[in-house]
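Asks: Just so you know, the protein sequences line up as chains W and U, in that order. In terms of my numbering, the first sequence has 36 at position 36, counting the first letter as 1, and numbering is strictly consecutive. Residues are numbered in my numbering as their position in the second sequence, beginning at 1, plus a constant of 1000.
Keep in mind the hints are simulated off the structure, nothing from the lab. One thing to keep in mind: the hints can contain errors.
Pairs of lysine to aspartate or glutamate residues, derived as EDC-like cross-links and limited to a Cα-Cα distance of at most 20 angstroms, are as follows [said to hold, decoys possible]:
{"id": "1", "chain 1": "U", "residue 1": "Lys1734", "chain 2": "U", "residue 2": "Glu1569"}
{"id": "2", "chain 1": "U", "residue 1": "Lys1307", "chain 2": "U", "residue 2": "Asp1388"}
{"id": "3", "chain 1": "W", "residue 1": "Lys93", "chain 2": "W", "residue 2": "Glu80"}
{"id": "4", "chain 1": "W", "residue 1": "Lys93", "chain 2": "U", "residue 2": "Asp1534"}
{"id": "5", "chain 1": "W", "residue 1": "Lys93", "chain 2": "U", "residue 2": "Glu1027"}
{"id": "6", "chain 1": "U", "residue 1": "Lys1281", "chain 2": "W", "residue 2": "Asp33"}
{"id": "7", "chain 1": "W", "residue 1": "Lys93", "chain 2": "U", "residue 2": "Asp1026"}
{"id": "8", "chain 1": "U", "residue 1": "Lys1734", "chain 2": "U", "residue 2": "Glu1856"}
{"id": "9", "chain 1": "U", "residue 1": "Lys1307", "chain 2": "U", "residue 2": "Asp1429"}
{"id": "10", "chain 1": "U", "residue 1": "Lys1307", "chain 2": "U", "residue 2": "Glu1194"}
{"id": "11", "chain 1": "U", "residue 1": "Lys1734", "chain 2": "U", "residue 2": "Glu1536"}
{"id": "12", "chain 1": "U", "residue 1": "Lys1793", "chain 2": "U", "residue 2": "Glu1856"}
Each chain, written out:
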Amino acid sequence: MSAPRQTLQLQVNGAEAEVRVGLHDSLLTVLRDQLQLTAAKRGCNQGVCGACTVVRDGYTVRACLSLAHGCTHADIETLEGLNQEASMQALQKAFAAESAFQCGFCAPGMLISAHALLLHNPSPDADQVRAAMSGNLCRCTGYAPIVVAVLQAAAHLRAQELAP
Amino acid sequence: MNTATKQFDALPEGAVGQSVTQLESDEKLTGQAQYIADMYRPGMLHGALLQSPHAHALIEGYDLSAAQALPGVRAIVTGMDLEPAHRMGAFIKDEPAMALDKVRYCGEIVAAVAADTEAIARQAARLIKVFYQVLPAALDPASALQEGAPLVHENTDSYIKVFDAGTQGNLCSRTSMREGDLESAWAQCDVVVEQVYHTPGQAHVSLEPCGALAEIDAAGRITLWSANQSVFRVQANVCEALGLPMTKLRCLTPRIGAGFGNKMEAHVQPVVVLLAMKARKPVKLILSREEDFETVRARHPATIRMKTGARRDGTLIARETELLLDGGAYGDDSPGVLGYALLMNCGPYNIAHVHAHGRVAYTHKMRFGAFRGFGVPQVTFASEQQIDAIARELDMDAFAIRRLNMKRDGDRWLGGQSIFSNGLAQCLDAVEQGSGWKHRPAQADTKAANSESRTGMGLAISAHISGLLATGAIVRMLEDGTLLLNTGAVDIGQGSNTALAQMCAQALQVQWTQRPQGALDTRQAMDHIQAQLDKEDGYTFHERGTVPTSGDTLSASYSAPYLGHATMEPMNCTAWLQDGKLSVWAPAQVPEAAREAAAKAAGLSVSQVDIHITLLGGGFGRRLEVDYVVLAAQVAMALPGQPVQLTWSREEDSGNDFFRPMHVAQLEASHDGLGQVQSLQIKSAGDSISPRWMERVLPAFAGPFDAPDKTDSEGLFDLPYGFAHQKMAHVATKVGIPVGFWRSVGHSHNAFFSESFIDELAAKAGTNPLAFRRQWLQDAPRHLAVLNLAAEKAQWGKTLPEGQAQGIALHQSFGSIVAQVARVSMENGTLRVHDVFCAIDCGTVVNPAIVAQQMEGSVVFALSAALWGGVDIVQGEVQQRNFHQHPVLGMAHAPQVHTYIVPSERTPTGVGEPGVPPLAPAVANAVFALNGQRLRSLPLKVA
């Protein structure tokens, strides 16, 4: 009684990906097990911890709560697809400098959420950062260095915009 | 203090004290870090668990049929796959890999499935039927310890225990510590507080759930990756739970998404290994968040009855702590947590009279175990509130009472342990200052306090033992000078890898200085030696007759490269300093010199050094050196009492040899009007061995300048041929590449030069090489006899099969005369030596078999060198590091060696070395006979 599988085309990180998917398979399962895009993590599988956060059509979503079949006409972006982006790199650099991670398990989700935040709001204040990222749990850092890192990256990106 | 850090490409000197960014930073922030769930192996199956729905029940049976029938299911394991005798446990070995015969907690692993996908595995697990007989459960520690409570373990007596924890019935462990005289101490107290505190269980909630991946190879060996906090605990737990020999299990650690103690002991590793063994395929099992909460472990719920007494002035006098920990169904780390909590229960205060005692109770619940703090959070919760309560009673400031009682330098901990580092006073000062304690809001009047928000400040201090669990580190320097740090400490995100690397970089401040010979190069050496040959006259070792004034000359230039020894056993030495005496075991050819060198390196007198010469795995002259002894002695001196064995790798051996020196030679013969040789002059050039060797090995005999070294010219200045005029000279150079004695020393290249040139002279005279030599050996009957014997046995002159040719050479060295005839052909463009006919006059033969063995060994040894021998040094680095770069003749291509001994009653002379020199020229002469190609340099490259 295992669910029958169908071949789907997904748009992931700007490229077409062909996957064999059961009706109930989550986007998270498909990204990780079929496409080996393992940056998005399974922390709770219930949409609570945020470690699975990816971008769908420009908005952050829980990959663990998204059905793969429901993503056939969407643009999916994971951390792997954003690693070359200047704004992501600014965030990564700031996270490294501020020790905004320890075990690193929440980091991909944090970076996706932060990246999406800065896309919509290039100059958030600390409260806005905390609110926007409250859906990403971290057990190691205590959150303070994450907020500092996001603010630092935002400032750096704004300065670059202003520079000739 | 902020958390800002800096990334380095390479850790700087003085790395300790710098906020270095975590070494794993890039991989974690790009999402490339591999945690256990991110690992995939070819053919991998996915695992899923079935958990017990009951807290306590007998397992009467299983029905696996529906689960097994599900397509994609590859293996199912239950307690039926386990041996009852196999149990794990850090302190009490009470735990099977999964429930066997009974379940002891709701959530316990009862079965596991490996299937093609996780979904199939989970579905199959739900299809497994387990038949239970539900039993009453002990769910509360206090009642579990009463008579008649349901037993969690019936057979605690049969369990192996690491120490006597007093395990009995549902009492898992008990501990008691006393100091002073508590009973009478209460009487001295002006204030006593007593309270019972309860702390609940606590889940770790590491963001990464537990998981493992096991893979079995064709030999039945298992590689196990798992999220863990100690790879050694993984190995011990899995091997004990499954009865596996430790040699069958290799445990590896991927990146870990936090632990906090959850991953300290086993979780699913034993079950995953069992699945992999049954399925004969890799199996990965990652717990869901729910399973991680329900199956693994949590912090011990605790009931703490604490009583503290003090004098009016605030001095703490007495403390009694009674601790009851809920241990859950299995011992896990509970005895350790109990003992540690009691040891730390007073906190960092001097309290003279203490009784700390406690128990861990087995209950039918998930096991409780290690969690950040390891029992100290529970007792500190109680203790620090009691200190505050006493302070309030005495109207003392919270800081003041702590300062009055805190441990100071020289104080000892409960039980007597010395405290090595105590900055508590400074910590209190910093916190008092930084928090603004002196200006904190006053305590609220409880009646007035309503829905308005208020703030308050509270103080607590505590202590922890560093390195409660210990591990080690091994630092290795690899051949290219890079450093590898292996450690048992698992980095779960706390930065241990980074911190240890900083410590290592600081401690091993490696500084490289380029040796003067650092830029040595064999091509430059050749140019230099050749230039010196052209320019200098050198030292004349032998001259006879008068230089002819006229005549037709034939001249030729010959050369031979630097040559390594390549003994089968690389350089090594064992040394042991005990009570001021150094014992040395070395495969050395120079026992006394080795002993002296060891003594000098160690700073000891020779009488304090014992040397034992072991069997040698090949010497060939390399072990006339003492460098390998000096190094071992130096290491042994740094580790008194510790035997040290220093064995060189093949690369280190090849790269640190004392080479047979590179030589070039100019040979010139002049012929009279009848075409007869009237003069032979040989001038060679190359580094001298003996002065360099003296400097190294017998420094007392080394002079301020190099005396002429006969080894430079041996084999040239003592030719048996009766040419009227002979002059042999050598230009000693000093290139600086380390040179030493190589089997047969100067003869090894000089015979090639002279015996090849003799053949050139024979060819010019139009005489065959044998006849030519005979002609010039009229006054050397012994040489003639050896030559004739070899020629006879080789059937010199007989027609050989198509494509084969013979060459002959004759040479005296170390008192013995050897003649060899080599029979060669070309096979697929490669020179092949089929037979070597070897005649020797070595005086009286002591052991004919040994003579033949030495001839055979010498021939093959010399042939390897003749065909492939040669060392290239570029920028100070030896290029030929291992056998793929300087090949050695193998069995398939070794020639047949036929040895013939000239009977003699003379004094015995050498056999170890004399078989080497004639071989290269015999082969070169055979090549000339074969195809007319005259090879004048070694190694022989046949076109």
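Asks: Is it true that the CA of Lys1281/U sits at most 20 angstroms from the CA of Asp33/W?
Replies: Satisfied, since the Cα-Cα distance of roughly 17 angstroms is no more than 20 angstroms.
Asks: Is the hinted pair Lys93/W and Asp1026/U satisfied, with a Cα-Cα distance of at most 20 angstroms?
Replies: Judged against 20 angstroms, a Cα distance of about 9 angstroms means the pair holds.
Asks: Would the hint linking Lys93/W and Glu80/W be met if the CA-CA limit is 20 angstroms?
Replies: Holds. Lys93/W to Glu80/W sits at ~16 angstroms (cutoff 20 angstroms).
Asks: Is Lys93/W within 20 angstroms of Asp1534/U, Cα to Cα?
Replies: violated (64 angstroms)
Asks: Taken at face value, is the distance from the CA of Glu1856/U to the CA of Lys1793/U at most 20 angstroms?
Replies: Given pair Lys1793/U, Glu1856/U holds - Cα atoms ~16 angstroms apart, limit 20 angstroms.
Asks: Is Lys1734/U close enough to Glu1536/U, meaning Cα to Cα at most 20 angstroms?
Replies: Between Lys1734/U and Glu1536/U the Cα gap is close to 13 angstroms, so the pair holds against 20 angstroms.
Asks: Is the straight-line distance between the alpha-carbon of Lys1307/U and that of Asp1429/U 20 angstroms or less?
Replies: violated (28 angstroms)
Asks: Need the status of pair Lys1734/U, Glu1569/U: alpha-carbon distance at most 20 angstroms?
Replies: Given pair Lys1734/U, Glu1569/U is violated - Cα atoms ~30 angstroms apart, limit 20 angstroms.
Asks: For the pair supplied as a hint, Lys93/W and Glu1027/U, confirm whether the alpha-carbon distance does not exceed 20 angstroms.
Replies: holds (12 angstroms)
Asks: Quick one, are Lys1307/U and Asp1388/U close enough, alpha carbons at most 20 angstroms?
Replies: holds (13 angstroms)
Asks: Sort out whether Glu1194/U lies within 20 angstroms of Lys1307/U, counting only the CA atoms.
Replies: Given pair Lys1307/U, Glu1194/U holds - Cα atoms ~4 angstroms apart, limit 20 angstroms.
Asks: Does the alpha-carbon distance linking Lys1734/U and Glu1856/U stay inside the 20 angstroms limit?
Replies: violated (35 angstroms)
Hint check: violations occur at hints 1, 4, 8, 9; the rest are consistent with the structure.
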